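Peer 1: Heads up: the sequence lines are chains A and B, in that order. Residue numbers for the first sequence, in the working numbering: 1 to 803. Residue numbers for the second sequence, in the working numbering: 1 to 241.
Since the hints were made in silico from the structure, they are not lab data. Please note: incorrect hints may appear among the correct ones.
[Stated by the list, open to error] Not everything, but these chain B residues come out facing chain A in the computed CB check (under 8 Å):
no. : residue
1   : 11
2   : 15
3   : 94
4   : 100
5   : 112
6   : 126
[Said to hold, decoys possible] Listed next, the stretches of chain B that the computed footprint assigns to chain A, with coverage defined by at least 3 CB atoms under 8 Å from CB atoms of chain A:
no. : stretch
7   : 113-120
8   : 128-141
9   : 205-215
Source: prediction; values computed, not measured. Think of the CB as a built atom: it goes at the ideal place given N, C-alpha and C, for glycine as much as any other residue.
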Amino acid sequence: MSPFVLSIRWALRSWTRAPFLAATAILTLALGVGVSTAVYSVVSGALLNVVPWSDPDRLVVLEARRLEESTQGQGAAPGMFLDWREQARAFEGLAALQYWRFNLTDGDDGGVAVEGRLVSADSFDLFEIKPAMGRGLVPADGEPGAPRVAVLSHGLWRRRYGEDSSVVGRQIQIDGEPTTIVGILGEEQFFLAPPDQLVMPLRIDPAAASRTDRSLFVMGLLRTGATLDQAQRDMELVIERLATEYPASDAGWSVRVRWLSDVFAGGDRATASMLLLLAAVIFVLLIVCANVANLLLARSAARIKEMATRAAVGGSRGQLARQLLLENALLALLAFPLALLVARGVRDFFLTQVPPYMGWMAMVMRFDLPVIGFAIVATLATVLLVGVVPAWQASRVDLQSALKEGGGRGASAGRPWVRQLLAVAQLGLAISLLSTSLLMVESMRRVQTRDPGFDVERVLVTEVQLPKARYPSEEHWREFERRAIAELSRVQGADAVASVDFPPYGFPGPLAAFEIEGEVTLPDKSAPSALVHTVSTQYLDALGLDLRRGRGIADSDEGSSVPIAIVNRTLAERYFGQEGSLGRRIRVAGSWREIVGVVEDYPNRSLRDPIEPLLLIPFSQRPHPSLGFVLRTSRDPLALASGVRAAMRQLDPQLPTLDVFEMEQRMENQLWGPRLVQSVMWILSQVALLLAAMGVYAVISYGTSQRAQEFAIRAALGAEPGQVALLVLRQAALLSAFGVLVALGLSIALSPLLARMLYAGTGWSVLQFGGIAAVLAFVALVAAGEPAWRAMRSDPMGALRAE
Amino acid sequence: MSDQALVRLEKVSKVFETELVQTYALSEVDLAIYKGEFVSIAGPSGCGKTTLLSILGLLDSPSSGRYLLEGNSVHEFGSTARARLRRSTIGFIFQSFNLIGELSVSENVELPLTYQGMGASERKKRVGAALERVGMSHRASHRPSQLSGGQQQRVAVARAVVGDPALLLADEPTGNLDSENGAQVMELLGELHQSGATLCMVTHDPRYARLAQRSVDLLDGQLASSAEVAAVPSAASGAAP
């Protein structure tokens, strides 16, 4: 048998002789690494897998931002995109992408509504996207008058066509016009189109390109070697030139160049969430390290004599250290499959938190090579990291004293302060995780108890995209909307019905610049801007919105009458202040409108987002082919769903099947991300708490056994059992106190990250932190209970004889 | 008398220092042990016997002075070289046996050979021979905890001699044994010496000290006396100077 195999045999035997310790270490490792791996699969899914590109450090997003406001980034208007693409020098190329809803018809069933993207036709070449079947879009597809083509996502192909490869080349109807399917994207190619969506070329007519409709999401591929800063400076020069050339639309705006991975991960707040989760994972792994290190240190202290003997018969330091590390590696080997099982279970739990419409997240939260690699590295690193100190200590044992009769007991391996320091670190990490997790729970509670501005529980929402082929003009749209409202009003249980182009808690619609009559926008200031929604007369009633001043939209506000607008309170206060907005005129989308009412604020995008300025314009005065309908009822909203579908079929049997949602569900769907992060943090904090309690128990328990003789002497000298127990509990209390101090430092360090993701107003409070610290101190004292009990019952003579 | 001493200590001192006090465990000790010699080191508790043996066995280093083993200045060696010498040149027998509880008798004996990197078949042969020599072959697969104290010490002796070391060091080898077992172990050591082994034994039992050729007395870390107690066997090169 080779020395290596022999070493493995010794290692195996050594663990079978300490089964409880081995099992504790293996379970600790499996739990810590498993949970961490599951979280890593979420983080890597969100940060890495969504950008399937070999060189993600070259992919950026160009966001328009108003100079004087720290608003969220906006898209670009088509005219701007063309100029950016022509003038920017730091990029290999720029691509534009527009969210769109298509009507897909390929049989007699009336077709389906399909989400999708219009993308600049050279995007496939730029990002080197080669569909799994057929071809991608090519620049010629974007030329005006070119044959209409579409590329299907893998999910849509599977769902709609049962993975029939003959669909490539087939002609279908999209928005009522013949379109050829030219390619099918691969299962993991959701860069341009998430699963269940389709991609068509974006066609921009340079002569008629808008500079105010900021609906394009612009991505760029940096030139090889170009940095983000260079791209930013390059774009600033371009923006400066364009502001001079187009002061009305471009002045006062800047462009921020950001990494695409940051944006795909969900923007600043989501990136902060992911970073926080990564920090939490590291915390949990550190706690695991500390725990296992404590176990191994205690074990190595008990094995001093063995190590000294091995050294005495010729084992070198390297050989001894190798033996110990091999034993630890064996632990890792046994813990690894268990860790994968834990990871799988936790990941499956996370997926239950993802709403059905985000089901494709399962694909990015996958157990692929990097995730399994993470598990391997985390397990090995943990075990090796924690094994180094005991191995180092074992190799530096004082051989002479260890080999003496009675030597090796309580000798130098593992000074108590090392173990105590590890316990303090564990407590500190656990407290900071727990308090962070509680802050997130509190943040979510505040979000969920935020006033949505209207009664979301009794509202049903449906959306439809009118195909241009059969609804080519504004008159058609107006007519359809009028008939639809009449038909939907007849649905049993519908108390009020209204239309809106972008219903709340979905895509918020583009931000549009507007001009206030009588006010001049200074060159260094950007024009005021707001979300603009077109709504029908009963919109305020249907949602139950509170009109603060003026009037709502009346039947008399027709296309031919004086253009009007209703603004929300934020817009009124931000741009008109004390002067009042009623009666003032603004110019938006080319026409002057009189403000006739001010409506109470309501979160339009998500309960977590700040209120943005909002303009409501009568549908009749600015019709739109994207139509949403909101129905108020006093019943269960979903009870109206079949009536709504029947009414729409009655209107136009060829319209795609409609999805009907409760408004409350839409609102909840917007919160799944933060809720997932909160769940993950909660699980991590509970695991951390459990591990920290185990760690404290191990340290106190070991310390108590090491102090058996001291306790016996104290008892022999007359100490009462309670006084002895107090010595043990005092140690636990001290550990907790230092743990709280560590937690305080960590919490301060994490504050900036937390501030980016917590709902406004949520923050640390001394009371909350004190409460958590008290809970942890209690946990530590409970963990010390058994050793204290043992110390109380120690047999003085037995302990003294043992020495 | 030849000057080819197997072991030569020249003015070896060992000082244990704390913040407040310096304690001389050994003070300028000169000692030579010749090949084939059986030397006992005696003295009262705390006189430095075990420290001296630890230095001889390269488990500890002198604070000053020179230590020559087979002519090499081993006091200058680093930890790896010392470990190498321990496994190739020195065999240890401890008072408390120091067998590893998790390993079987044969594995305990095999341990030094494993560290030497010896091949499996050669190890097996040598372990068999060593156990045979101490009369423990029939217990090869047992665990130390299944053996009596005397048997454990026999196994420890087998482990000490299995690598055929130039120097055998025994620290109170009978200290944990009753008189019958103690006598048996001493008989075993005597046989090893008769077959040519160089032995250095620490003992405070005068009965066993007398079995050595030469007895060295230590007192307060200093060499108090050195006297021949028996005829030098033919295998030995000579007595101490």
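Peer 1: Now, for every hint given, state plainly whether the structure supports it.
Peer 2: Evaluation of the provided hints:
Interface hint at residue 11 of chain B: violated, since its Cβ lies 20 Å from the closest Cβ of chain A, which is beyond the 8 Å cut-off. At about 14 Å, the closest approach between the beta carbon of residue 15 of chain B and any beta carbon in chain A exceeds 8 Å, and the interface hint on this residue is violated. Among the interface hints, the one on residue 94 of chain B holds; its C-beta lies about 6 Å from the nearest C-beta in chain A, closer than the 8 Å criterion. For residue 100 of chain B, the suggested interface contact is upheld, since its CB lies about 5 Å from the closest CB of chain A, less than 8 Å.
Among the interface hints, the one on residue 112 of chain B holds; its C-beta lies about 4 Å from the nearest C-beta in chain A, closer than the 8 Å criterion. This hint is violated: residue 126 of chain B has a C-beta 14 Å from the nearest C-beta of chain A, more than the 8 Å allowed. Under a criterion of three residues with beta carbons nearer than 8 Å to beta carbons of chain A, the stated coverage of the stretch 113-120 of chain B is upheld, 5 such residues being counted. Under a criterion of three residues with beta carbons nearer than 8 Å to beta carbons of chain A, the stated coverage of the stretch 128-141 of chain B fails, only 0 such residues being counted.
Counting residues of the stretch 205-215 of chain B whose beta carbon lies closer than 8 Å to any beta carbon of chain A gives 0, which falls short of the minimum of three for the stated coverage.
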